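There are 2 protein chains.
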Amino acid sequence: MKIVIDAMGGDHAPENVVAGAVDAVHTYRVPMALVGIAQRVEAELKRYKYPKGFIEIIHAPEVVAMDDHAIASIRQKKNSSITVGIGLLKKDGYDAFISAGNTGAVVAASTVVLGMIPGVDRPGIGCVIPTLKKFSFMIDVGANTAAKPEHLLQYAKMAKVYARLVLEVPRPSVGLLNIGAEEGKGTELEKEAHKILEEREPDFIGNIEANEIFTGKAHCVVCDGYVGNVALKISEGLMESVAILMKREIKKNPVAILGALLLKSSLSEARKSIDYSEYGGAPLLGVDGLVLISHGRSSPKAIKNAIRAAIREVEHDILGKIKEEAVK
Amino acid sequence: MKIVIDAMGGDHAPENVVAGAVDAVHTYRVPMALVGIAQRVEAELKRYKYPKGFIEIIHAPEVVAMDDHAIASIRQKKNSSITVGIGLLKKDGYDAFISAGNTGAVVAASTVVLGMIPGVDRPGIGCVIPTLKKFSFMIDVGANTAAKPEHLLQYAKMAKVYARLVLEVPRPSVGLLNIGAEEGKGTELEKEAHKILEEREPDFIGNIEANEIFTGKAHCVVCDGYVGNVALKISEGLMESVAILMKREIKKNPVAILGALLLKSSLSEARKSIDYSEYGGAPLLGVDGLVLISHGRSSPKAIKNAIRAAIREVEHDILGKIKEEAVK
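Going down the list, the protein sequences come from chains S and A.
For the first sequence, this note's numbering gives the first residue as 1, with consecutive numbering after it.
For the second sequence, this note's numbering gives the first residue as 1, with consecutive numbering after it.
Hints were generated in silico from the structure; no laboratory data involved.
It should be emphasised that the depicted structure is a prediction, and the values quoted were computed from it without experimental measurement.
Incorrect hints may have been included.
Per label pair, the in silico range of CB-to-CB distance [as the list claims (entries may be wrong)]:
#	chain 1	residue 1	chain 2	residue 2	range
1	S	SER268	A	GLU42	48 to 56 Å
2	S	LEU258	A	GLU325	50 to 58 Å
3	S	GLU182	A	PRO61	22 to 30 Å
4	A	PRO61	S	ARG297	37 to 45 Å
5	S	LYS251	A	HIS26	29 to 37 Å
6	S	ASP121	A	GLY184	19 to 27 Å
7	S	GLU325	A	ASN79	50 to 58 Å
8	S	GLU325	A	ALA243	47 to 55 Å
9	A	PRO31	S	GLY296	30 to 38 Å
10	S	ASP121	A	ILE205	34 to 42 Å
11	S	ALA146	A	ARG29	51 to 59 Å
12	A	ARG171	S	ASN79	24 to 32 Å
Where is the CB? At the ideal position from N, CA and C, for every residue including glycine.
Can you make the complete structure from the sequences, with help from the hints?
The following block contains the structure:
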């Protein structure tokens, strides 16, 4: 097994990426290929000790910026770390690609370079969501902002494989994100998707409302990429703002400061279970290769956890299983 | 001034509605009309003392259930508390209508009975959002799930009036909810809306991403009702789940329990600033009358605060100002 990593991807690349990769090599003892401007990656790598032969550097002279136009960046920068890295998945011995870079570019390059799995029309980004029960899996959180009803069915099939193998749910249920519990709610997309899911997805449990996502009502939640992306980002923004707000209030009151100190370990446990960096990479499902997308602001820990997620996907042969089962 | 209240609306009606109305009469000394099944409302009212002549009961024999189909309920239940209550706004002396009942039915009845303001094509539900700065105003959070670009421009114009008069922002900025900062992001709706807003809305500051809503980057945030509803509900669900999660962790550890006790007042201050019931009613803008929608789970406090919001809207003549200014 070898994990390919976009060394130039993310707001703090290559520093955070290299730091996370080195840490992962120590912990998981899995070989990695770091793709990027060799000189810069090398300079960064020199700062660490790691077991010999575990890290290979692959030169890619171009870098896709975080705000580059997705499609244009693929056409114009054929030698970017994203395109070169994804290309490696076509070779023997390279098993998964991780990038914290421009999400649109990763989606576009994956689609073009790897192609789609037969029976899947559009890629979807999945996301593991911590819930009051355990975990749910939501797809799509941003790859496809013009989803058609049948795409949501395809997402459901793939999500079930992921939930079964990675989240260890024996028989995952599927919910359709919607603005009401009843059939006939939502836009044309949800109305049609509801029909198709009811007909063709035996584990479909109906609509679920956004406030039910975190209760774990459905193991798999399917939605359009635009809505899913808004849902994910607003959750992130809300958690950050609430943390700031609480700190502000606590600072006003010495008794509260003491209280916060006593609470610290419990809060950090609670925080851990809702911290994106604990889960690392979000799988891009539907393309013919294992691709994981990490948050642009990924810390070294988030990169390390994305690598852990990638190893798990390879070990479970998620791609093979999705090809076998999802597309019927 | 008289505030009309749907006594039968919400999961705990008429109990919570009557309790909130009585409390509001004591505090604000504004007369109210409670619309609903007279016998039930009367029975509930008997449990309280309140200044004479401040509460009028208006009989409406039918009740729209929370899960009734919106349009059908309006056609079939012409004497529901919603339709009768909204009808009162056409009479002199009745100034605003509040319901915690079936949102779709309130939107449909308001549109049919009151009609639209000239120049506004679709109603939008606005929502006051607590932010790190102060407050923002988001519209639409659920009235119109098939928004067109020009609807978002109309929402922007109305939102600015609301933000100026009620939130006291001298010159409110307008942001378009989108999944990226750059122009050209999003679905066809956002792409087109971006163009129209740039051309015709002088206070437009561009796209804002969902994680920026709570930072207060824009005073007014416009979006399609489907996306806005998901955003609102997921925030609500997340806050509830995080609270449950924190309690679980705290209970595991006696030191943390002490910490939580010391923190209590600070946390409840922070909580207050993000608690929907503090803000009460969400204005339904665009229809030719002041209509406020309260949460289905409204507590008596939430009803009272919705009444406070309604009084404020009447005092500021929000409806008149929107007619004057927004639609140019």
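Going down the list of hints, with the structure as the test:
no., hint, in the structure
1, S/SER268 / A/GLU42: 48 to 56 Å, "holds, 54 Å"
2, S/LEU258 / A/GLU325: 50 to 58 Å, "holds, 51 Å"
3, S/GLU182 / A/PRO61: 22 to 30 Å, "holds, 25 Å"
4, A/PRO61 / S/ARG297: 37 to 45 Å, "violated, 58 Å"
5, S/LYS251 / A/HIS26: 29 to 37 Å, "holds, 36 Å"
6, S/ASP121 / A/GLY184: 19 to 27 Å, "holds, 23 Å"
7, S/GLU325 / A/ASN79: 50 to 58 Å, "holds, 54 Å"
8, S/GLU325 / A/ALA243: 47 to 55 Å, "violated, 38 Å"
9, A/PRO31 / S/GLY296: 30 to 38 Å, "violated, 55 Å"
10, S/ASP121 / A/ILE205: 34 to 42 Å, "holds, 36 Å"
11, S/ALA146 / A/ARG29: 51 to 59 Å, "holds, 54 Å"
12, A/ARG171 / S/ASN79: 24 to 32 Å, "violated, 48 Å"
Comparing the model with each numbered hint stated earlier shows that hints 4, 8, 9 and 12 do not hold.
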